[in-house]
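There are 2 protein chains.
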Amino acid sequence: MIELPAPDRAVLARRDSILAELRAILPPGPRGEAVIGDPTRLKPYETDGLSAYRQPPLAVVLPETTEQVAAVLRYCHENRIRIVPRGAGTSLSGGALPLEDGIVLGLMRMNRILEVDYADRLAVVQAGVTNIGITQAVADDGFFYAPDPSSQLACMIGGNVMMNSGGAHCLKYGVTANNLLGVTLVTIEGEVLRIGGDHLDAAGYDWLGLITGSEGQLGIVTEVTVRILRAAEGARAMLAAFRSNEVAGQVVDAIIASGVIPVALEFMDRPAIHACEAFAHAGYPLDAEAMLIVEVEGNQAEQDFLLGKLKAICARFDPISLRVAETAEESLAIWKGRKGAFGAVGRISPDYLCMDGTIPTGELPQVLRRIGEMSESYGLQVANIFHAGDGNLHPLIMFDANDPDSFRRAEDFGADILKLCVEVGGCLTGEHGVGVEKRDLMGVQFEAHELEQQRRIKAAFDPAWLLNPAKVFPLAGNAALAR
Amino acid sequence: MIELPAPDRAVLARRDSILAELRAILPPGPRGEAVIGDPTRLKPYETDGLSAYRQPPLAVVLPETTEQVAAVLRYCHENRIRIVPRGAGTSLSGGALPLEDGIVLGLMRMNRILEVDYADRLAVVQAGVTNIGITQAVADDGFFYAPDPSSQLACMIGGNVMMNSGGAHCLKYGVTANNLLGVTLVTIEGEVLRIGGDHLDAAGYDWLGLITGSEGQLGIVTEVTVRILRAAEGARAMLAAFRSNEVAGQVVDAIIASGVIPVALEFMDRPAIHACEAFAHAGYPLDAEAMLIVEVEGNQAEQDFLLGKLKAICARFDPISLRVAETAEESLAIWKGRKGAFGAVGRISPDYLCMDGTIPTGELPQVLRRIGEMSESYGLQVANIFHAGDGNLHPLIMFDANDPDSFRRAEDFGADILKLCVEVGGCLTGEHGVGVEKRDLMGVQFEAHELEQQRRIKAAFDPAWLLNPAKVFPLAGNAALAR
Chain A
404 MIELPAPDRA VLARRDSILA ELRAILPPGP RGEAVIGDPT RLKPYETDGL
454 SAYRQPPLAV VLPETTEQVA AVLRYCHENR IRIVPRGAGT SLSGGALPLE
504 DGIVLGLMRM NRILEVDYAD RLAVVQAGVT NIGITQAVAD DGFFYAPDPS
554 SQLACMIGGN VMMNSGGAHC LKYGVTANNL LGVTLVTIEG EVLRIGGDHL
604 DAAGYDWLGL ITGSEGQLGI VTEVTVRILR AAEGARAMLA AFRSNEVAGQ
654 VVDAIIASGV IPVALEFMDR PAIHACEAFA HAGYPLDAEA MLIVEVEGNQ
704 AEQDFLLGKL KAICARFDPI SLRVAETAEE SLAIWKGRKG AFGAVGRISP
754 DYLCMDGTIP TGELPQVLRR IGEMSESYGL QVANIFHAGD GNLHPLIMFD
804 ANDPDSFRRA EDFGADILKL CVEVGGCLTG EHGVGVEKRD LMGVQFEAHE
854 LEQQRRIKAA FDPAWLLNPA KVFPLAGNAA LAR
Chain B
404 MIELPAPDRA VLARRDSILA ELRAILPPGP RGEAVIGDPT RLKPYETDGL
454 SAYRQPPLAV VLPETTEQVA AVLRYCHENR IRIVPRGAGT SLSGGALPLE
504 DGIVLGLMRM NRILEVDYAD RLAVVQAGVT NIGITQAVAD DGFFYAPDPS
554 SQLACMIGGN VMMNSGGAHC LKYGVTANNL LGVTLVTIEG EVLRIGGDHL
604 DAAGYDWLGL ITGSEGQLGI VTEVTVRILR AAEGARAMLA AFRSNEVAGQ
654 VVDAIIASGV IPVALEFMDR PAIHACEAFA HAGYPLDAEA MLIVEVEGNQ
704 AEQDFLLGKL KAICARFDPI SLRVAETAEE SLAIWKGRKG AFGAVGRISP
754 DYLCMDGTIP TGELPQVLRR IGEMSESYGL QVANIFHAGD GNLHPLIMFD
804 ANDPDSFRRA EDFGADILKL CVEVGGCLTG EHGVGVEKRD LMGVQFEAHE
854 LEQQRRIKAA FDPAWLLNPA KVFPLAGNAA LAR
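Heads up: the sequence lines are chains A and B, in that order.
If you count by this note's numbering, then the first sequence holds residues 404 to 886, one letter each, in order.
If you count by this note's numbering, then the second sequence holds residues 404 to 886, one letter each, in order.
There may be inaccurate statements among the hints.
Identical copies go unnamed one by one, so any copy, or any two together, can satisfy a pair.
What the hints assert, rightly or not - With a cut-off of at most 27 Å between alpha-carbon atoms, the simulated DSS-like pairs for lysine-lysine come out as follows:
hint	residue 1	residue 2
1	Lys-714	Lys-446
2	Lys-712	Lys-575
3	Lys-575	Lys-742
4	Lys-575	Lys-446
5	Lys-575	Lys-714
6	Lys-712	Lys-739
7	Lys-712	Lys-822
8	Lys-739	Lys-575
For the record, the hints were derived by calculation from the structure and aren't laboratory data.
Isolated chain A, as found in the complex:
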C-alpha cells in the first residue's frame, strides 16, 4: 500500500466552493462539463496503469487550451490546491494517482494536431494527442514518430514527455527525449513558457531536457514539438534461441559490438517464452532457456545485408533455433508472441506487476539468476522480458490482488529487483518513471544530499509543492508536504 500526504482539511472543507470557482473558470462547452465533481464520474480517474493503488480526487478539470490550463493553475496557486496532471492514465508507476485534496488536470481534450512540417521534419501537437495519433497523421506521407511504448494506442504525448517514455524500438531511435524539440510549459504561477522549438540545441540551460521526465512536478506541458522521421521501406525480424541466459547475453554483446544497430533487440527468458507461446502459438522453441527477437529495417537489400550479418553472429553461439523472416508476414509471426506478452502473463496470473529497471547489459545473466532465486524465496512466478540492447529489464511479477499477503510479497520482490539493478550499476527505472511505485526507493539510488539538490530544482519551479507532490521523492522529511 502506498502512503499519500495528509490532505489539507481546509481544502476538503471548501470542496463545494472550489468546484463552483473552477466552473467559473472552465464553463461547460460543446464537449460537455469541463469540471467534474460527481463521485461516480470521478471513479475512472481514481487509478492509472498501476491499478493496485486507488484514490479518488477532489475534482477533475478538462481544459482545452493552454490559456485554460494557465487559468486553472493560477487559481490553484492562489488557493494552495494540489494538482495531479493526467494524460491517458496509462502510467505503470502510478504517476497519475490522485490525491484526496488534489485536482486531476486531464489533458485528453487537448487532442489537436497543430502543425506538420515535412521540410523541417517536425510536428506540433497538443499534449493530449495519442502517441500513435502522431504517426497516423504523417504515415500517408511516409513519416512516423519513433518512440513506441506498448501503450501507444492510448497513451498521450504529454504523458510520454513527462515520463520520458521509450518502447521496443528505442534502441535505434532513442526515447522521448531524443525525439523532442520543444514544449509549451505552464508553470504553477500560470506563466506560459516556450521551451526549445524547431531547431537543434537551445540557448541557456537545457531545461527541455529537465522538463522531459519531470513527472508533472515542474509544470504542465500543453503543446509538444516532436521530430518526425522518414519511415524505412520495411522491417524484418529474426528469432534466435539459446541454451542459457549467459550465451544469449553474449550474443547481445556481440551484436552491439559488431556495429549493427537493430531497430529492436528483445530478450525473453524461459517463463516468458512459455507464457507467450501458450497464448499466441507463435512457434517459439520451448526447449530454449532464452530467446532473442532482432529486427532490422531498410530496403530489401539493406535488410538482407543486416540479417545476414546477424545470422552469422548468432550462428557462432550454437543456437537451438534460428529463424529469419523472409517476408513481412513471417516477421509478424515472430513478433506475435512478444507483442502479446502482457495478455499472455495475464492469462496465467490474475494480476501482475510490470517492473522496469535498467542494468549494464553485461550483468544480465547474473541478474536473471538472482531474480530466479528471489522468485523461489518469495513464492511468486516471474517472467522476464528485456529490451536487451538498452539494458532495460521488464520483470513481470505474478500475484493475486485478492490476497493481500501475495500483493505485499510482490511489492517486496519488485523492490528487491530494483535494488539489485542499482547494485550492479544500473538504475531504478528505464522508461516507466518513478511515480509512487519507486518513490521510496530513490534513497537506494541517490545520497541524501543528491535528493536534496533535486528537491531544490523542484522548488525552483514550485516552491509550495503543489504539482504532483506525492511522486518521485520520499514523503518523509519533506516539510513542504506538511499541512
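With the hints as your guide, set chain B onto chain A.
Then chain B, alone, in the frame of chain A:
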C-alpha cells in the same frame, strides 16, 4: 566590449590572504604550485577562444582530485568568492573569461583516464582529459568517442559537457548530451553529486541533461562517463557543387528526406569556398555558389551503397561538379579545404568572429541572402560554413581588432545574424554556448519570465551566484550580482 559585474572590493582587498588560504588547501605538489597568483603567470588565463575579451583573474587554482575541487568550492562558498571554471580555454563564446575578483579553477591537471569498459561501451575520465584523448585511449581496440569539435586536439571533456559541444560528425552521432552517461558534479557547497552512470535513463529528474550545457553555472564537473562507440571500418566523402544556395539547400533537404544519415553534411558558400581553396588548393570549384561535402561510413559495400544513393540525389539538381572519393586519400583531399577553413579565413583577415546559430534547414537560402545584405551594409566580409544536416550555421565575420570601429561593427553584425536565426525559428547557439558573447541576446530568444525561471534553476544550485556568474544571463536586473 563586454560589461562584467562590479568586483567585490572586499575580496580584492583580501587578495593576499585569500592566496595564502588557498595555498593551505592546495599545497604545491610534484606538478608544482597549485595556486597561481603571480600576474605574469596569470596572463595565459586572461582570455579564451573568444580572444577579443580579456580580464586577468584574482588567482588560478589547479586541483588534481574531486576532493580538492570540493575543498576549494567550500572555501569560496564560505568566503563569497566567485569562481570561473576552465578546461583548455577553447570556448568561442567567452565561457572561461575570468572576473577581476574571481578565481579561475583550471581542470587541466585532472587528466587521467579512470576506466574503460568495452563490454558496456563506456569510459570514465577526469574532466581535464582532452576530447581526442578519449578516442586515443580506445582507438587501438576499434572504438572512438563521437563528438568532434574543431578544437578536439585541445579542448577538454569537462568543457565539452559544460558547453554541450558538437562537431562536424554530430549529424549521425549527436552532440555531447547524446554521448554522455554520467558526471561527478561538485556543488558550490562542496557536496559531491554522482549524476547518471553506466546505464540508460535516470531515476528522478534528468539533471544530467540539465548539467550538460550549463556553462559552469550549476557546479563543477570533475569526472565524466561517456559512451564509446565501435568505429566504422572506414569513411568516404563526396563533393557536390551547385549554382545557387537555394539549390544546395534543396539538396540538403532531399538527402535528409531520403533517410540516408551521412556522418557529415557540410555546406560552404562562395566566400568560404574561395577562402579555403586559396589556402588549401583542394580543387574546389570556384565557379560554384555553394558546395556540399557529404561523408558516409561503413564497410566498402555500405559506403558504395550510400554514396551511390547520394550521387543519384545530387545528380537530380544539375550540379556544377560532383566528385566521389574512391579511396580514403581522395576523401582526405575533399576534406582538406574544409578542415583548414579557420586558418584560411585567418589568412584573409587579421581577425574574425566565429558565430554559431541554428536555423531550420529550410530557411538556409533566405538566411544566407540576408547575411549577404548585412555584410554589404556593415562593410565587413563574411564566409559561411554550415553543418547543414543539423541546421548549425557558422558565419565567420572578418574584422581588424586594431580598429575599434571595425570590432564594434563585427559585434553588431554578429548580433544581427543571431537575431535573424531566432526570427526564422532558430536559436542563438548551436554548439558554442552563450557565454558572455550572447548573454545580452538571451532576451531575443526568451521572454522575461522564461529567463526568470532559468535564473531560479541557477539559484537552486548556487543562490549567491558565485559560479561563473557573468555568463549566460544579462547582468541587468540581477540583484544577486550587486556587491
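When no copy is specified for Lys-712 and Lys-822, does a C-alpha distance of 27 Å or less occur within a copy, between copies, both, or neither? Neither: 37 Å inside a copy, 49 Å across copies.
Same-copy or cross-copy closeness of Lys-575 to Lys-714 [CA-CA at most 27 Å]: both (19 Å within a copy, 26 Å between copies)
Since the copies are identical, ignore which copy is meant and state whether Lys-714 and Lys-446 lie within 27 Å (CA to CA) inside a copy, between copies, both or neither. neither (51 Å within a copy, 60 Å between copies)
How would you classify Lys-575 and Lys-742 at a CA-CA limit of 27 Å: within, between, both, or neither? within (18 Å within a copy, 30 Å between copies)
Checking Lys-575 and Lys-446: alpha-carbon separation at most 27 Å within a copy, between copies, both or neither? Classified as neither: same-chain Cα gap 39 Å, cross-chain 48 Å, threshold 27 Å.
One pair to classify: Lys-739 and Lys-575, alpha carbons no more than 27 Å apart. Within, between, both, or neither? Classified as within: same-chain Cα gap 21 Å, cross-chain 32 Å, threshold 27 Å.
Under a CA distance limit of 27 Å, which applies to Lys-712 and Lys-739: within one copy, between copies, both, or neither? For Lys-712 and Lys-739, the Cα distance is within 27 Å only inside one copy (24 Å; across copies 34 Å).
Intra/inter-copy verdict for Lys-712 and Lys-575 if alpha-carbon distance must be at most 27 Å: both (17 Å within a copy, 22 Å between copies)
Violated hints, in rising order: 1, 4 and 7; the structure is consistent with all others.
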